[in-house]
Amino acid sequence: MKKKINSFFVHLELIMVALFVLIPILWIVLSSFNPGDSLASSSLIPKKLTLYNYARLFKETNYPVWFKNSFLISTMNAAVSVVLIMITAWIVSRFHFKGRRSGLIGLLLLSMFPNFLSMTALYTLYLTLGLLNHPLALVIIYSAGAIPYNVWLVKGYLDGISKEIDEAAYIDGCSYFSTFLKIILPMSKPIITYCAVSQFMLPWMDFIMPSLLLSTDNDNTTVAIGLYNMISGKENDKFTMFAAGAILIAVPITILFILFQKYLVQGVAAGANKG
Amino acid sequence: MTKKFSSTILSCLFWGSGQFFIGRQKAKGILLFAAQVLLFGIESVSGYWFNFFAGQIPDFQVRLYGGYFSRGIWGLFTLGAVPGEDHSTYLMVNGIMALMILMIFLGVYIWNIVDAYRTGKAVEDTHAYISSRAFGKKLYQKMFPYFVLAPILFLVLYVVVMPIIFSVLTAFTNYNADHLPPAHLVKWVGLDNFLRLISIPIWSQTFLIVLAWTVIWAFLATFSTYFMGLFQALLINSDCVKHKSFFRSIYILPWAIPGMISLLMFRNLFNGQFGPLNQMLLDCGLIHSRIPFLSDAFTAKVTIIVVNLWIGFPMFMVMLLGVLANQDPALYEAAQIDGASKLQIFRRIKLPLLMKATAPLVLMNLVGNFNGFGFIYFLTNGGPNNSSLQFAGDTDILISWIYKLTLNQNMYNLAAVLNILIFILVGVVSYWNLKGTTAIKEM
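Heads up: the protein sequence lines correspond to chains A and B, in order.
Start counting the first sequence at 535; every next residue gets the next number (the working numbering).
Start counting the second sequence at 982; every next residue gets the next number (the working numbering).
Chain B on its own, in the form it takes in the complex:
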């Protein structure tokens, strides 16, 4: 048998043994074998495999006697068997984590086999043995990026990716108020939740109504702030204004103040019963009864847009002022010499240039507003309530509806379905936005 095959087969059974015996790379072989020992060690120490093989457990169940990995995977597939004892969501989270670690070990194992083949082949071809140290040095040079990124990747995997996997998987379970662990078990239900969203009229209706308002809100919010920012930037930039920086520093304040504080402030300012704005308007005799700023469906929507205008226009104004400052005045002089009127210069040259320079910002803002949870939650909390909608108020956007479904109604399964839909929507729009940019092309 050739060395490369015996080395491969050895390493298939005992990790690193091919490298150790055939390739004479002792340190590398021992390290790889240590990984195998660690894998089996974790599994057998956390479980009762020794007792099982010793015949002490006649009725072996993975649920009770399995180790970290086997129990984790069992939990992920079954989501528990005994209500009150098995906590389905914990099982699911632990299952995902166990599976992720197992994947890492699988990666090491596969690499170990491939490397055993290569080491054996190198020995056959060159009849020379590479020491572990020399190999390690070469590996460090070649794999440097992976070594540095590994711990960071691990962190991102656990804190960012694992929760996302969990929430995607939730969409395929019946995890809701009727099946709350630990008292009840959660079960896999396949595509039932997706079908429910389509087939039950009140759900699909609510979804469409909320989606429509979300889209309207995102567009109105983005473009109202954009054009107000543009208007203020142009006015500040006009020749007759002397104290440009004075106005600029006042206008920047709403951007600088933390959003949550501004929003809570406006919620109180516009309070229908005790709000000082209503009180003042009453005192001045401008109105005869209090305006339901936040408790009437239409008025509340207008209020939200106005508040968003207050908070959002400074960002666009500052950005556009920056673009204006960098523009070449020769461009406009040339147009003037060619006989273009001021309005023509603005509409045909200045505006298109400004729009082009800020288009990515507008799109990013659009996506941000689409998921603008804070605005709705802190300002109206989705209210006023609307009984014809399923757990959503008149001003609820998708993301705040999802929040209510999870935190108030415990309907994790349907919220997860909505979450996936939002993700697809936002992902497609952003991908389309990015496709042409240099950032992607230069990669």
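Isolated chain A, as found in the complex:
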């Protein structure tokens, strides 16, 4: 009897928390199907459901272009970051050279510097190089910024792969690079997946860099900026359209997260232990 009461309360709590988690999500999903325009009209339970907001998103805004920009930035960023991170981490893990230790600690310190003030400098750098208003140029900042933290993470992972395997390859006549490509990379699939997925997800919702380096001109902006601008006004008269746009982007990212959650969880755990 006592067990049953216990079980009842445990389940009651679990269901309450599930509702606490689900209700806000349900509300935004329903809002996107709400016929009204504004926040005031999007009550918790709409009276009628419509696809009107999604249609408006494609007719009245440049959503497809923003989406294309964000998608290109993210894909490029995942690829470039993985290459840079893996090469750096491999060198740092496998070769002993002067400046390695201080370089690593320096990297770690760099990753802790808050970056708002760097914006003036980055803006000037982009202006000098003529990269302002090029969405893909953001990849340079994202991938360079990914190096400090992720190199630490991946170095920890590579240190776990026995060096005897590399040495056997060297004896068999493999060069440094072919050992890296044929031995190290295939053995680091989990951490590569983590880096690729996390670097792919990062730019979608980054707000600061695109607002600084891309003009508000509709053709060059990203999804994050486009969505934010819809509801940054006082009137909130595009709220349901924002909801539709947010759903369209949150659904694929959420699915991606859940598909790769094993790697992401491992990555976060490793990151916490390594620094």
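Among the clues, some could well be false.
No more than 25 Å apart at the CA atoms, straight line, and that leaves these computed lysine-lysine pairs for DSS-like [claimed, not checked]:
| no. | chain 1 | residue 1 | chain 2 | residue 2 |
| --- | --- | --- | --- | --- |
| 1 | B | K1168 | B | K985 |
| 2 | B | K1323 | A | K536 |
| 3 | B | K1223 | A | K536 |
| 4 | A | K697 | A | K723 |
| 5 | A | K537 | B | K1223 |
| 6 | B | K1416 | A | K632 |
| 7 | B | K1123 | A | K697 |
| 8 | A | K697 | B | K1337 |
| 9 | A | K632 | B | K1102 |
| 10 | A | K632 | B | K1118 |
| 11 | A | K593 | A | K582 |
| 12 | B | K1223 | A | K538 |
| 13 | B | K1337 | B | K1323 |
| 14 | A | K632 | B | K1123 |
What the simulated footprint calls covered on chain B by chain A, stretch by stretch (three residues with Cβ under 8 Å from a Cβ of chain A suffice, anywhere in the stretch; the number is not a length) [claimed, not checked]:
| no. | segment |
| --- | --- |
| 15 | 1066-1074 |
| 16 | 1397-1406 |
Keep in mind the hints are simulated off the structure, nothing from the lab.
Computed from a predicted model, the values in this text were never measured in an experiment.
Every residue gets a Cβ at the ideal spot worked out from N, C-alpha and C, and that includes glycine.
Based on the hints, put chain B in the right spot on chain A.
Relative to the frame of chain A, chain B by itself:
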């Protein structure tokens, strides 16, 4: 004169000449000399040095006629001389970049001298000449890590380090709304900004109040999510729950949804005037007037903590579930045999083990929340406004205050000072955290 000295002196004047003439390493000597030609080439082509030496410029000024390097360094030191023409921040950024390239050349130069000495000495000692090719092969073997890392290092230097140097230097200038380039010049002011932060009461007060809330927020945010995550993990893990993965996959959703979207969603849900939550509570008759979720200082802080709980607990829950799954049940059985009660087992064995396994994660989360810009910016934008604070709202944390100071008030100098303070704080905490870990020791 011995060969090592003549070689060194030659290379001091003309890079690589010692290696070329004394060491008979032609390719190496030419490469080093090419570096020198490049350095002087950039400087003279981008400036008017030829015209100056030809006597065509009687009144020589570095500002107008200097090359890339001399003008860059002049700009970094003076930050410009003519308002409206010299753009101080551009000069500063270009100066830092010129100085960085110059440092690289300096490195090559010093290496060139050291190598000239060594080459000369080797010739004296062994009377044999090493060819450039053999030397290159040996160098490649020895310096392989540097060759591979050089381009990556270059990228990090330009995109990550240069902006940080710039923002640190800004703290020592008067770069603010009254001195915005290009119309006005920025000047070096030494430690004035640091002194201002301490000596002007409204600044120091705002700093302390914002810092206090930042610390409170970071601790509340981290530990509320930690304990809720722990509680849910323990409940899901209890024997009577059959559909563990069902609950787990619901609870993971807030972690999976992009943070910015969740935060903007909550901002609208809690909107004081039009928000549906207020409307629903009114309709049900639970409240008689709308609750100012985001516009009253105290309520807004509570709202932020609750929203953070929603977003943050799944991460800890998943992590703790992982730790729980890896625990050895024999440990608890042994305690049970020794006569420990369930509560004792939990408090004395299970909880300490879980805490120990997740301590680094908690610390990382603490630092993340300390700089949790998104939460404040997207949810309340620091509001409600508080006139007794200098450009900060009641819910502003240090990082969002810095954002307002830079973007809304153009007070780059004071923001830079705050930035340095945050950096020191976070750096010390993280260093202390890392000191004992294997990651540092094994390096």
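For each hint, the structure was consulted:
no., hint, in the structure
1, K1168(B) - K985(B), "violated, 48 Å"
2, K1323(B) - K536(A), "holds, 15 Å"
3, K1223(B) - K536(A), "holds, 18 Å"
4, K697(A) - K723(A), "holds, 17 Å"
5, K537(A) - K1223(B), "holds, 14 Å"
6, K1416(B) - K632(A), "holds, 21 Å"
7, K1123(B) - K697(A), "holds, 19 Å"
8, K697(A) - K1337(B), "violated, 30 Å"
9, K632(A) - K1102(B), "holds, 23 Å"
10, K632(A) - K1118(B), "holds, 19 Å"
11, K593(A) - K582(A), "holds, 22 Å"
12, K1223(B) - K538(A), "holds, 13 Å"
13, K1337(B) - K1323(B), "holds, 20 Å"
14, K632(A) - K1123(B), "holds, 11 Å"
15, 1066-1074, "holds (count 3)"
16, 1397-1406, "holds (count 4)"
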